[in-house]
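**Q** Just so you know, the protein sequences line up as chains A and B, in that order. When we follow our numbering, the leftmost residue of the first sequence carries the number 6, and every step to the right adds one. When we follow our numbering, the leftmost residue of the second sequence carries the number 132, and every step to the right adds one.
Note that these hints are calculated values from the structure, not bench results. A few of these clues could be false.
Said to hold, decoys possible - Result set (SDA-like, lysine to any residue): computed pairs, CA atoms no more than 20 Å apart in a straight line:
no.: 1; chain 1: B; residue 1: Lys290; chain 2: B; residue 2: Phe266
no.: 2; chain 1: B; residue 1: Lys236; chain 2: A; residue 2: Gln224
no.: 3; chain 1: A; residue 1: Lys50; chain 2: B; residue 2: Lys255
no.: 4; chain 1: A; residue 1: Lys158; chain 2: B; residue 2: Lys290
What the hints assert, rightly or not - Ranges of calculated distance between the beta carbons of each label pair, as one might list FRET restraints:
no.: 5; chain 1: A; residue 1: Ser48; chain 2: B; residue 2: Gly216; range: 18 to 28 Å
no.: 6; chain 1: B; residue 1: Gly216; chain 2: A; residue 2: Gly273; range: 44 to 54 Å
no.: 7; chain 1: A; residue 1: Glu22; chain 2: B; residue 2: Lys255; range: 32 to 42 Å
no.: 8; chain 1: A; residue 1: Lys146; chain 2: B; residue 2: Lys252; range: 40 to 50 Å
no.: 9; chain 1: B; residue 1: Lys270; chain 2: A; residue 2: Ser73; range: 17 to 27 Å
no.: 10; chain 1: A; residue 1: Glu329; chain 2: B; residue 2: Phe266; range: 41 to 51 Å
No residue lacks a Cβ here, since even glycine has one placed at the ideal position from N, Cα and C.
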Amino acid sequence: MKLSKNLVPGFLREISEDSDVCISSRIRFARNLENHLFLLKASLKEQEEIIEEVKEVITQLNHFQFYSDDKLNEIFLNYLLERYLVSPDFVLSKNKKGVFIDSEEKISIMINEEDHLRLQVLGGGFSLDEVFVKINEVDDKLEKELPYAFSEKFGFLTACPTNLGTGMRVSVMLHLPGLILTNEMEKVIKTTQNIGFLIRGIYGEGTKTIGSYFQIANQFTIGMKEEEILANTKNLIREVINYERKARDYLLKNLKNEIEDRIWRAYGILTHAKLLTSEEAINLLSTLRLGICLKIIKKISLLTINILTILVKRANLMYYLKNENLTEEERDYKRAALIRKVLKGKGEEEDI
Amino acid sequence: MEENLCQICHKNVAVMVITEIDEKGNKVEIAVCEECAKKKGVLESDKTLNLNEIFKIMLKAREKEDKELKCARCLLSFYEFKKYGKFGCPDCFKVFEERLIPFIKRLQTTIREREDEIFHKGKKVTAGTKRSLLFSEIKKLKIELKKAIEEENYEQAAKIRDRLREKEKELKKDEIE
Ligand SMILES: [Zn+2]
Ligand SMILES: [Zn+2]
Chain A
6 MKLSKNLVPG FLREISEDSD VCISSRIRFA RNLENHLFLL KASLKEQEEI
56 IEEVKEVITQ LNHFQFYSDD KLNEIFLNYL LERYLVSPDF VLSKNKKGVF
106 IDSEEKISIM INEEDHLRLQ VLGGGFSLDE VFVKINEVDD KLEKELPYAF
156 SEKFGFLTAC PTNLGTGMRV SVMLHLPGLI LTNEMEKVIK TTQNIGFLIR
206 GIYGEGTKTI GSYFQIANQF TIGMKEEEIL ANTKNLIREV INYERKARDY
256 LLKNLKNEIE DRIWRAYGIL THAKLLTSEE AINLLSTLRL GICLKIIKKI
306 SLLTINILTI LVKRANLMYY LKNENLTEEE RDYKRAALIR KVLKGKGEEE
356 DI
Chain B
132 MEENLCQICH KNVAVMVITE IDEKGNKVEI AVCEECAKKK GVLESDKTLN
182 LNEIFKIMLK AREKEDKELK CARCLLSFYE FKKYGKFGCP DCFKVFEERL
232 IPFIKRLQTT IREREDEIFH KGKKVTAGTK RSLLFSEIKK LKIELKKAIE
282 EENYEQAAKI RDRLREKEKE LKKDEIE
C-alpha cells in the first residue's frame, strides 16, 4: 500500500541531503502586543480581544486556517501537537487561545500561548536559512499592522525573561541512533549544555528517550543579533550531524552483524506484529530509518518513515482512520495493521 | 540591592546574625559583618548561628523590598515576578529595569561570558509599529468615550476626549513626518 504524502505536514515531505540525520528545522519568534496585559494578568475578556485584533490583521495577510476554542477539542489539539504545529504548553493552556496554520502546514501562529503571539516556521531537513528568511517575512508583515511590545534595551518584550531580546528560538530535530549505540550521546548532551544550548529527547520524558530523536536549540536570546544566534546554532548542529555520521561509519565497520541483526529484527516485528503501541512503533521505525540510511534496507524511503512516524501517534491514527472513539487496544491493533500493509514486501532479499 | 550587606555599616558582607534591642524595646535579628560585630562586643558566642539563619533573614529583607516594587499598570510586584518567572505587561520592564539588568545577565549567559551587561542587539520595530499602536489606542479611547457618555459620566468623558485629541494629533504629526 502506498501512502499519500499529503498525510503529513509539508516540512516532513521534504527530504534533502542532511535528512539522514536532520529531520526538520524550526524557528519561532515570541511577540506581544503593547496595548494588552500579558497572559499572566490578562482577563479572559482581554484574551478574547487579543484574538480578535490579531485575527483581523492575519486574515488580511496570508491564507491561514484559523482554529479557536470551539474547534480545539482534546483530540484535535493533540493531533496538531503530534504534527509539531502547536506546543505542549498550548495544548495544556486554559487561556482563550487560537492558532493560524498555513495550507502547507509549515507556518503556525499560536495566539495566547505563553505570549500573545508565537510565530513558528518549519522546514524539512537542515534548512534553517530558508526558514529564517520565511519567518522574517511573516514577522515584518505582522509588525506593520500590530503594535509589538518593544524596548531598545530589552528588545521584544516577552512574558518570560528567557525569551527576551530577539524572542527567537532556533531548533532542529535530529535522529541520533549512532551516538546512542556507541555510547557517545551523554558526552554530546553535556557539551551542548555547557556551551549554552538546549538539548532534549523529542519523545518520552526526562532521560528516557524514545526512538533516538533529539531536539537542539539555542538557550540565549538576548545580547546577540538574530543572525549570530542562527550561525552559532547552525555550527553546533553541523558538528553533531558529522559526529553522528562518524558513529554510523564506526558501527558499519566494527559491528556490522549486530547492526544488521537489529535492523532486520525491527523490520520483522513491524511486518508481522498484530499489536503495536505508539512508543514501540516509533522505536522500531527509528531503527528502520537507520537501516535505510545505512543502505541495509533499500526499498523503503525516508518519506515513508516520516509519514508512518506521524500516523502511528494516537490522535493522528484516529484522524487517519476517521474514528475518534477507538480504544487503546483497537488502536494498537489498527496501528500494527497499517504498518504491515505499508511495509509488506519491501524487505530486501539477502545474499545466501 | 547588593547581596547580604551588613545592616549596620552597609559596606561589608554580613557574616553573622546578632540579636539587638530596637528603640521600641523589641528583640530584632540583624545581619552584620565581622567588624561591626566586634564593635558590638558580640564576637565568638553568636558566630555559631548557622548560615541558613542569616540567609533566611536576608531573604525576608529582600522579600519586603521586592513586594514594594510594583508595576502600576498590571500590579505585578517584583516579588511575584520572581515567584512566577513571568512579566505581567510591557510596563513591568521600565519599573523593574534596574533589578532586571543583573538578573537577565545571570539568566542569559554562560558563566564564562558574564562580564558585560547584555542588551538587545537584534531586529528593531519600525515606524509601522508606533503607528499601529496609536491606532489601537485611539480605538480603545473611542470605546471608553462612548461608554462614559452612555453612563452619563461627563467629567470622565471630557478627560478621555482630551487624551483622544492628543493621540490623534500625534498620529497626524507622525503621518506628516
Ligand atoms: Zn558592618
Ligand atoms: Zn506590568
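**Q** Please go over all the hints and tell whether each is borne out by the structure.
**A** Each hint, compared with the structure:
{"no.": "1", "hint": "Lys290/B to Phe266/B", "in the structure": "19 Å, holds"}
{"no.": "2", "hint": "Lys236/B to Gln224/A", "in the structure": "13 Å, holds"}
{"no.": "3", "hint": "Lys50/A to Lys255/B", "in the structure": "30 Å, violated"}
{"no.": "4", "hint": "Lys158/A to Lys290/B", "in the structure": "33 Å, violated"}
{"no.": "5", "hint": "Ser48/A to Gly216/B: 18 to 28 Å", "in the structure": "21 Å, holds"}
{"no.": "6", "hint": "Gly216/B to Gly273/A: 44 to 54 Å", "in the structure": "49 Å, holds"}
{"no.": "7", "hint": "Glu22/A to Lys255/B: 32 to 42 Å", "in the structure": "36 Å, holds"}
{"no.": "8", "hint": "Lys146/A to Lys252/B: 40 to 50 Å", "in the structure": "23 Å, violated"}
{"no.": "9", "hint": "Lys270/B to Ser73/A: 17 to 27 Å", "in the structure": "21 Å, holds"}
{"no.": "10", "hint": "Glu329/A to Phe266/B: 41 to 51 Å", "in the structure": "43 Å, holds"}
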